[in-house]
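Protein sequences appear in the order of chains A and B.
One rule links them: number in the working numbering = place in the first sequence (from 1) + 831.
One rule links them: number in the working numbering = place in the second sequence (from 1) + 5.
Mixed in with the good hints, there may be bad ones.
Derived contacts from chain B toward chain A, CB cut-off under 7 Å, selection only [to be verified]:
#1 Trp29
#2 Lys59
#3 Val73
#4 Gly203
Residues of chain A clear of chain B, computed beta-carbon distances all greater than 10 Å [claimed, not checked]:
#5 Thr972
#6 Leu979
#7 Ser984
#8 Val1094
#9 Ala1099
#10 Arg1101
#11 Glu1108
Chain A stretches covered by chain B per the calculated footprint, using a threshold of three residues with CB under 8 Å from any CB of chain B [as the list claims (entries may be wrong)]:
#12 897-903
#13 1001-1012
#14 1026-1033
Hints in this document: simulated from the structure, not taken from any laboratory.
Heads up, the beta-carbon is just placed ideally off N, CA and C, and yes, glycines get one too.
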Amino acid sequence: MNQIGSSTGLHAVLEQEVKKNAGWRLFIQTVIARAYPRVIGQQREKSWMFFDIFLPVLAVSAYVFVYRAIQAPEDYIGFVIVGGAMTAFWMNVLWGMSSQLYWEKETGNLALYIMAPNSLMAILLGMALGGIVATTLRAATIIILGSLLFEVSYAVVSFTQLFAVFILAMAALYGMGMMFASVYLLLSREAWHLSNLAQEPVYLLSGFYFPIKNFNFWIALGASVIPLTLGLDAMRQLAFKTGETLGFLSVQVELLVLIGLSVLFLVAARILIRHMEKLAIREGRLTESRR
Amino acid sequence: MSSINLKSTSTYHRQPDTFLAVRWRTFRLSAWLGWQIESNWADPFLFAIYSIIKPLAGAAILVVMYSVITRADFDSPIFPYIYLGNAFYMYVGQVMTGISWAVIDDREHYKTLRYVYVSPIHYPTYLLGRGVARFMIATISVVVTILFGMLFLRLQIDLAAVDWGLLLVGLIVGVNMLAMMGLILASVMLLLVHHMWGLGDAVASALYLFSGAIFPLEVLPAFLRPIGYIMPLTYWLELMRRALVGEVAQAFPTLSGYSNGQLLGILVAMTVAFTLVSGVVFRFCEHRAKERGLFDMVTNY
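The following block holds chain B by itself, in its conformation from the complex:
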């Protein structure tokens, strides 16, 4: 009986997974893993508070700064500009930095990068999957922040006038663009050691400053403005504002010459470009990291 079983086991051949099946399985499992890492250090209630307090406090800093100077003139168009830009910017910190952080986390903290890499997965897809949990946390934070603004700060969003289609399409394209930027950053992280942990934050801070997230680009000195115009985030944040508060957002001169369709077109083109670049950069960095023995190098501090 047992010999029959052994024979049947030894002759068993699993059909190789298809290209898409490998990617889907990798994405699904790494998203689950990411969620466990992000959330299981605390009970769900504490985790929910943690996920809400931090972004609300960040938004509140800007609200207090604004209300001190303008004597709480929340009806001015600059207020939704600042508030919504800051709210949607949470995706940048979470998705882009989160994907790149997965490399450091796996390599230095859990010391599992080598095992993950040699397993039958598609590694870039694994990194993207690790960003899903961060995306979910960011979505909760963004929704709570906007609701808070609507309920307590007279943030005027007319739900009937919201361009839901533009919001959804813009969000999908934008998050993909952020994921590709995160993959580029993660690829670079493969070549860097632990003490470069600040790189993701540095890039996010630079984008915060130059993308007009919390002030119109016109406020920047003229020589710095072109940096904002070459960043996809500038167009994405403008689209998000336009989808939610329409003409209020269009009142600012930065991108007033562009229609919604043009902005979306620019964003899609830039996302495609980033997707291509991320593939090339990943291959290059992966090769260099292997060649120089950096792939699983642990600095231990």
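If we strip away everything but chain A, and leave its shape as in the complex, we get:
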């Protein structure tokens, strides 16, 4: 009797102490919980910070010297620096968003994510928000370092528009990453190769190191599905003296397209994650580990 009483008492204390969230509170709690290791954890791993900044700076420097070797106008040096900084976001979307659920599967965490009483969409959103914050720090460092090393001069037309373009490009890009993450749920070791494959071709098509206006109109239009294409183009138009003359579409049009892409990718991610989760469970792919 006494034992039962103490057990009930403990239960009551626990009920009182552990406040269980549900609904949107749980959603936000999950987002913050998943964003936390992205923001804090990645800053703790100093070697990652070093490689995330050092590698793009080296790549950017090589391209800068190519432009110098062929005597390109100085604004192109700035284009390369900004493009090089943006590679950090694309890498983060590929390896930190799209492939993330594959890594989680490999380390055995994915099943726990699925079992936990929270939304998988909240986990993806947390990964995205954490990734944006952590990568912005790296990208900013690359821009500052590159600009100082190569004496880049900026001529910003509108800081408000520049900020809006950046935010929208990030929303669309990470929406795309969330969508890919759900598709990657079905993949095994192909995920690594697919992410690896999606680097150089996207650097090329999105014009990370040159204005996409130089492409055929239809190729540039097709490449605009990748949010960084228009995001970069608009940022260059707003931040450099000759940017406007080298822009693919007007900044206003690019802003509108980025809004459309953000909505499209976020909605698609929501639909796909539900579908893929069911499919992966049905096909027994959630816990498989094909090495």
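Chain B: place on chain A using the hints.
Coordinates of chain B only, in the frame set by chain A:
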């Protein structure tokens, strides 16, 4: 009957393999293993596309950058300089980084490093063998990239004027040099944990910048140029360019004072030096990794 069989089995003694036989068997089997790992995740057609798209896209970035600024002046000597340097640099990423990556792959991903190490093989030879598949993939990529340049970008390579002997000898020595650099990197990897995966890429990127792969060293600030001159890659890439486009490559002042024979001599000397250094570094890192219990330490992320 069965007792006779058992007796004959128990008295069977296999002749110990010779020094070279162990190395050859190790090399052959690890090359096969490397090829399986690299290629069997997809069907051959998809794998072929994968092997071609990535390097072509990398080359296309440079081509577009070049054509935007020069209005597609592909006849200028700087174009083959950039294009061929970039094409042959694919060997660096694949062979050097590939050999070093085998350590991380075996230890962290497949978790087989301890079993491989204790098996009757010669471990450094095993690592070199793992680079063979990457070498083959790189060769396909380099050939496709150069053919693409010749067919679509007016990359002027006169096949009759190509110094095939120099190309072959230079390629063999150069790939050996890259393999030795890869072995040094792999040895260092034995002491590092998983999150140092970027080390191979970092070294490859640094070499890309300082070896004059895609621009003449004169473009670098004067204080950085000496780094390029102490790197064997600088001499190797120059040799490859000279073998394919001869005088066009010699037009650039970086190494114009050296004859082909001198460049080859420098490259051979540096390869021998790297071979000796790689042996010493491997022994040292192997010993340290065992002593500190790092050999099969898995970080699990």
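Hints and how they fare:
{"no.": "1", "hint": "Trp29", "result": "28 Å, violated"}
{"no.": "2", "hint": "Lys59", "result": "5 Å, holds"}
{"no.": "3", "hint": "Val73", "result": "5 Å, holds"}
{"no.": "4", "hint": "Gly203", "result": "3 Å, holds"}
{"no.": "5", "hint": "Thr972", "result": "16 Å, holds"}
{"no.": "6", "hint": "Leu979", "result": "14 Å, holds"}
{"no.": "7", "hint": "Ser984", "result": "19 Å, holds"}
{"no.": "8", "hint": "Val1094", "result": "29 Å, holds"}
{"no.": "9", "hint": "Ala1099", "result": "25 Å, holds"}
{"no.": "10", "hint": "Arg1101", "result": "28 Å, holds"}
{"no.": "11", "hint": "Glu1108", "result": "23 Å, holds"}
{"no.": "12", "hint": "897-903", "result": "holds (count 7)"}
{"no.": "13", "hint": "1001-1012", "result": "violated (count 0)"}
{"no.": "14", "hint": "1026-1033", "result": "holds (count 5)"}
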